[in-house]
Amino acid sequence: MPNTAAPSFSGENLLCIRGERTVFAGLSFAVPAGGALILRGPNGSGKSSLLRLMAGLLQPIDGALLRDGIPVRDDPEGHRSSLHYVGHKDAIKPVLTVAENLAFWSGVNGGTGSVDTALETFGLAALVDTAARLLSAGQQRRLNLARIIASPAPLWLLDEPTIALDSASVSVMVDLIAAHRATGGIVVLSTHIDLGIHDAVALDLDRFAPEVSL
Amino acid sequence: MIGAFRHILARDLRISLRQGSDIVVVVMFFVITVALFPFGVGPEGNILARIAAGVVWVCAMLATLLSLDRMFLSDYDDGSLELLALSALPLEAIVLAKATAHWLVTGLPLIAAAPVLAMLLNMAAESYVTLFAVMLLGTPTLSLIGAIGASLTLGARRAGVLVSVLVLPLYIPVLIFAVGAIDAAAMSLPVRPHLLFLGAMLAGALPLAPLASAAAIRQALT
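Taken in order, these protein sequences are the chains called A and B.
Residue 11 in the working numbering sits at position 11 of the first sequence, with consecutive numbering throughout.
If you want the working numbering, it's the position in the second sequence, counting the first as 1, plus 214.
Take these hints with a grain of salt, some might be off.
[Said to hold, decoys possible] Dumping the calculated EDC-like pairs for lysine to aspartate or glutamate here, alpha-carbon to alpha-carbon at most 20 Å: (1) K89(A) with E296(B); (2) K89(A) with D236(B); (3) K89(A) with E160(A); (4) K89(A) with D75(A); (5) K89(A) with D291(B); (6) K89(A) with E211(A).
[What the hints assert, rightly or not] Now the in silico label distances, taken between C-beta atoms and shown as ranges: (7) S28(A) with G234(B): 41 to 47 Å; (8) E20(A) with R371(B): 53 to 59 Å; (9) R432(B) with A64(A): 40 to 46 Å; (10) L422(B) with A125(A): 42 to 48 Å; (11) S10(A) with L422(B): 34 to 40 Å; (12) M242(B) with E20(A): 42 to 48 Å; (13) A249(B) with H192(A): 36 to 42 Å.
[As the list claims (entries may be wrong)] Some but not every residue of chain A turned toward chain B, in silico, with C-beta under 8 Å: (14) R80; (15) I92; (16) K93; (17) V95.
Please keep in mind that the hints were generated in silico from the structure rather than gathered at the bench.
The beta-carbon is built from N, C-alpha and C at its ideal position, and this holds for glycine as well.
With these hints in hand, go ahead and build the complete structure from the sequences.
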């Protein structure tokens with residue numbers, strides 16, 4: 001038996017092609033339990049593609065993703081149900097209230113966490129009965145982020161989570177990431193600003209861009 | 215799992231009921247298109263009675279078509295669909311939940327409006343029970359087949375037109391047997407074979423449409 005006991009998340013030799021363009025090739029990474037991986041790179045370098053690939057929304061053309069040493073391909077349902085993905089879109093229904101929006105995602109994901117606590121963490125407690133269409137961009141983002149603490153999952157995939165957030169909310173997010181890692185959770189995030197997450201491993205996607213050949 | 219299914223169904227119903235105008239528009243469309251026929255073909259009773267079943271069904275299909283875009287499109291646009299696809303619930307079950315919600319807010323109102331419109335078209339009195347039965351058996355199939363079209367056109371330009379071209383040909387068998395049943399009832403012929411065919415189509419669409427639709431959604435999300 002290989003040493004697969006320690007919870008971890010890794011990828012080997014990943015190849016991603018979007019349209020006709022190779023976004024990245026030969027990309028490998030490994031994050032141990034409690035680890036954080038920060039994706040860096042200019043626009044279009046494949047940060048979002050890599051996160052979608054990690055979430056299973058895209059399939060790698062080549063290479064494999066591994067959860068605890070077991071290929072994700074062998075257990076896609078188990079992988080999906082134990083991760084949170086935060087993309088560019090906030091997945092908020094404007095006609096539902098703040099509480100209804102969050103309760104829905106918590107319910108679908110079989111959440112055991114408290115919706116009220118999650119809303120309070122992100123300073124939305126006063127807005128529970130407000131229709132989500134009245135929220136500002138930053139408040140919508142906070143509501144989306146509250147989703148990931150309303151139903152716990154060991155792996156967080158965050159695509160530029162701090163966009164539209166004020167500095168107070170950014171520090172809430174940084175604290176949550178630290179707390180999540182302290183319990184053995186894994187975080188992969190892309191960001192353009194320095195969040196001050198110490199001891200995080202940085203992955204520069206530029207290194208995996210294909211050689212331009214003529 | 216059942217819990218997640220119920221959550222999706224409840225959310226879609228709540229959104230539809232809160233945007234009640236969506237439901238009203240579909241029923242109004244149904245009423246108005248049917249009401250056009252007496253103006254178009256003249257008010258003669260037997261001509262209208264002859265075409266009543268076909269007119270009611272064709273208009274019900276067009277009304278269903280009109281409402282298909284809201285089955286997946288808003289969830290696709292706001293990112294909900296990809297999060298749903300990442301939930302533990304299989305995508306096929308998600309499609310089934312959304313098609314069920316769609317039927318409850320479009321199929322049921324159409325069933326309720328159909329007898330009134332049949333009366334407007336002078337439908338034979340002995341056909342009403344059959345009309346109700348075929349609407350009940352046929353409209354869920356319309357929602358299920360519609361789910362395939364709605365998911366295939368996600369991300370497409372002019373999706374509304376494209377979905378009609380894809381879905382309407384698939385509605386033809388339902389139309390044939392639904393109208394056949396109503397006509398048979400008017401002529402006091404057995405309606406059972408027609409109803410059995412409609413039931414068989416529903417039984418077939420119930421597992422197959424979610425499979426096809428889920429495959430199309432996976433394609434749209436990549």
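These are the hints, each one checked on the structure:
1. In summary, the hint linking K89(A) to E296(B) is supported, as the alpha carbons are separated by about 10 Å, within the 20 Å threshold.
2. About 24 Å separates the Cα atoms of K89(A) and D236(B), which puts this hinted pair outside 20 Å; it is violated.
3. Distance check on the hinted pair: K89(A) and E160(A) sit about 11 Å apart at the alpha-carbon level, within 20 Å; holds.
4. Of the pairs offered as hints, the one joining K89(A) and D75(A) is violated, with about 27 Å between alpha carbons and a cut-off of 20 Å exceeded.
5. For the hint pairing K89(A) with D291(B), the CA-to-CA distance comes to about 8 Å; that is within 20 Å, so the pair holds.
6. A distance of roughly 32 Å separates the Cα atoms of K89(A) and E211(A); the hinted pair therefore is violated under the 20 Å criterion.
7. At roughly 53 Å, the beta carbons of S28(A) and G234(B) sit outside the given window of 41 to 47 Å.
8. A hinted range of 53 to 59 Å is violated for the C-beta pair E20(A) and R371(B), which are about 20 Å apart.
9. R432(B) and A64(A) have their C-beta atoms about 19 Å apart, which leaves the hinted 40 to 46 Å range violated.
10. The hinted window of 42 to 48 Å between L422(B) and A125(A) holds, with their beta carbons roughly 46 Å apart.
11. A hinted range of 34 to 40 Å holds for the C-beta pair S10(A) and L422(B), which are about 38 Å apart.
12. The beta-carbon spacing between M242(B) and E20(A), approximately 47 Å, falls within the hinted interval of 42 to 48 Å.
13. The given range of 36 to 42 Å is broken by A249(B) and H192(A), whose C-beta atoms sit roughly 58 Å from each other.
14. For R80(A), the shortest C-beta to C-beta distance to chain B is roughly 5 Å, which falls under 8 Å, so the interface hint holds.
15. With a least beta-carbon distance of about 7 Å to chain B, the hint placing I92(A) at the interface is held under the 8 Å criterion.
16. Interface restraint check: K93(A) against chain B, minimum CB-CB distance 6 Å, threshold 8 Å, status holds.
17. For the restraint placing V95(A) at the interface with chain B, the shortest Cβ-Cβ distance is roughly 5 Å, inside the 8 Å limit, so the hint holds.
Comparing the model with each earlier hint shows violations of hints 2, 4, 6, 7, 8, 9 and 13; every other hint is respected.
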